[in-house]
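Use the sequences and the hints to build the structure in full.
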Amino acid sequence: MAEPAPGRRPMDLDRARTTRGTVHVIPERCKECGFCVGYCPEDVLAFSADSNAKGYHYPVLASGREDACVHCGFCNLICPELAIFTTELADDAGGTTS
Amino acid sequence: MSGSAPIIASTHPNDGLLRADRFPHILCPGCGIGTVIHCYVDAMAASGLALSDHACVSGIGCSGRAAGYVNVDSYHTTHGRALPFALGIAVYKPGMRVTVISGDGDLAAIGGNHLIHAARRNVDLTVICINNFNYGMTGGQAGPTSPRGSVASTAPEGVHDRPFVLPDLVRAAGASMVSRWTVLHVRQLRDAILRGMQKRGFCFIEALSPCPTNFGRANDLGDGMAEMEVYRERCELADGTPGYDALDIDLTDHTRPILVGDFLDIERTPYQPVGEHTA
Ligand code: SF4
Ligand code: SF4
Ligand code: SF4
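Here the protein sequences line up with chains X and C, keeping their order. Quick note on the numbering used here: the first sequence kicks off at 1 and runs consecutively. Quick note on the numbering used here: the second sequence kicks off at 1001 and runs consecutively.
It is worth saying that the hints were derived from the structure and are not from the lab. One should not assume that every hint holds.
[To be verified] Listed next, with one range per pair, are the computed distances between beta-carbon atoms:
id	chain 1	residue 1	chain 2	residue 2	range
1	X	A16	C	G1048	24 to 34 Å
2	C	T1138	X	G64	40 to 50 Å
3	X	M11	C	E1233	29 to 39 Å
4	X	E88	C	A1246	38 to 48 Å
5	C	R1148	X	C72	35 to 45 Å
6	C	A1172	X	E66	45 to 55 Å
7	C	D1253	X	G38	22 to 32 Å
8	X	D50	C	E1267	47 to 57 Å
9	X	E88	C	R1256	39 to 49 Å
10	C	S1047	X	C72	19 to 29 Å
11	C	S1153	X	D12	17 to 27 Å
12	C	R1148	X	G38	21 to 31 Å
Idealized CB from N, CA, C, for every residue including glycine.
Structure representation (structure tokens):
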């Protein structure tokens, strides 16, 4: 995640736990509106190379961002088709607690 | 662009709140109505009430499809008459959380009289008006919310009329709660819907939404994502309760903000007709 502006750095940032998420997609519901891809704050998503039965490219994990989802839920709530959601990864499965 | 595959799912965690067997719905790619339906079912889940305590009423039009996709008692009513149907439920079942989801044409034109009088009486309803500035389903005709200067199939030279500014209209008519968000502001929209469900009285939430197929195309706004970008660039959080001029939307003037926010939240006695039905 981006480093906070100088003076705005939370004192417990080193100890704060960053939530991690796993992305789930229902390709056949997607209509390629792009809301999830465009507004994911962590740039986790990209469009698939192949398409679903109706010809739409659905979201996949962008290369290099496979582990970047923070489970914020924005892609889920903004999807007009309810075609994408995330689940929280347990700490021992890659969540960071430092 | 491509990347590695996400986990492929066949159902969504909110499917139980929806008539998921009817998905994918009929709405166009890039249309914001599905996002409003999503925010509504999310608020419904957050309300902590049983599905049997919720009812959803829609009128006619693309937004009028909403009631047909949610897994609660729902009514797809005649054109403009969502509010009288909803009033009937609210009066007869005062414990029920009745939400109206309908479009600007249905609620403000054909049903305009019902809108001002439901607000005046402070009927215990949550009304989500999906405003896409035109009649989408019937081919992009101008309506009472089409901004001045915008092009519609019935206004090829641009709309000349002064539009309704719905948050200002319902506030003046007597609503208890008034908000305006866009389908980009999903968290605020969901939270406003939830507050409306929890509050007694007439709660009105305008949800500005792209209609790329008609309004967007006629006005060179591009696809749904491009109209979302207009909202991202131009929306500003309003202070207090702005009036007509501040809330009026001018799509041609890119220096003018589009005001969003929770404009009003007051306590007023909700509509309680005489008789044995007391809230
Ligand atoms: S949950 Fe948030 S971070 Fe994860 S993919 Fe969705 S929008 Fe991106
Ligand atoms: S928001 Fe939904 S419909 Fe739009 S591209 Fe993403 S998954 Fe597809
Ligand atoms: S015509 Fe417009 S409002 Fe209707 S479904 Fe298509 S984009 Fe949405």
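Status of each hint after checking the structure:
1. X:A16 <-> C:G1048: 24 to 34 Å: holds (29 Å)
2. C:T1138 <-> X:G64: 40 to 50 Å: The hint (40 to 50 Å, Cβ to Cβ) holds, given that T1138 (chain C) and G64 (chain X) are roughly 46 Å apart.
3. X:M11 <-> C:E1233: 29 to 39 Å: holds (34 Å)
4. X:E88 <-> C:A1246: 38 to 48 Å: With Cβ atoms ~41 Å apart, the hint holds.
5. C:R1148 <-> X:C72: 35 to 45 Å: Holds, at about 38 Å.
6. C:A1172 <-> X:E66: 45 to 55 Å: holds (53 Å)
7. C:D1253 <-> X:G38: 22 to 32 Å: Holds: the Cβ-Cβ distance is about 25 Å, inside 22 to 32 Å.
8. X:D50 <-> C:E1267: 47 to 57 Å: Once the Cβ atoms are compared, 55 Å apart, the range 47 to 57 Å for E1267 (chain C) and D50 (chain X) holds.
9. X:E88 <-> C:R1256: 39 to 49 Å: holds (41 Å)
10. C:S1047 <-> X:C72: 19 to 29 Å: Once the Cβ atoms are compared, 22 Å apart, the range 19 to 29 Å for C72 (chain X) and S1047 (chain C) holds.
11. C:S1153 <-> X:D12: 17 to 27 Å: violated (57 Å)
12. C:R1148 <-> X:G38: 21 to 31 Å: Distance hint for R1148 (chain C), G38 (chain X) holds at roughly 29 Å.
In this structure, only the earlier hint numbered 11 is contradicted, and the remaining ones agree with it.
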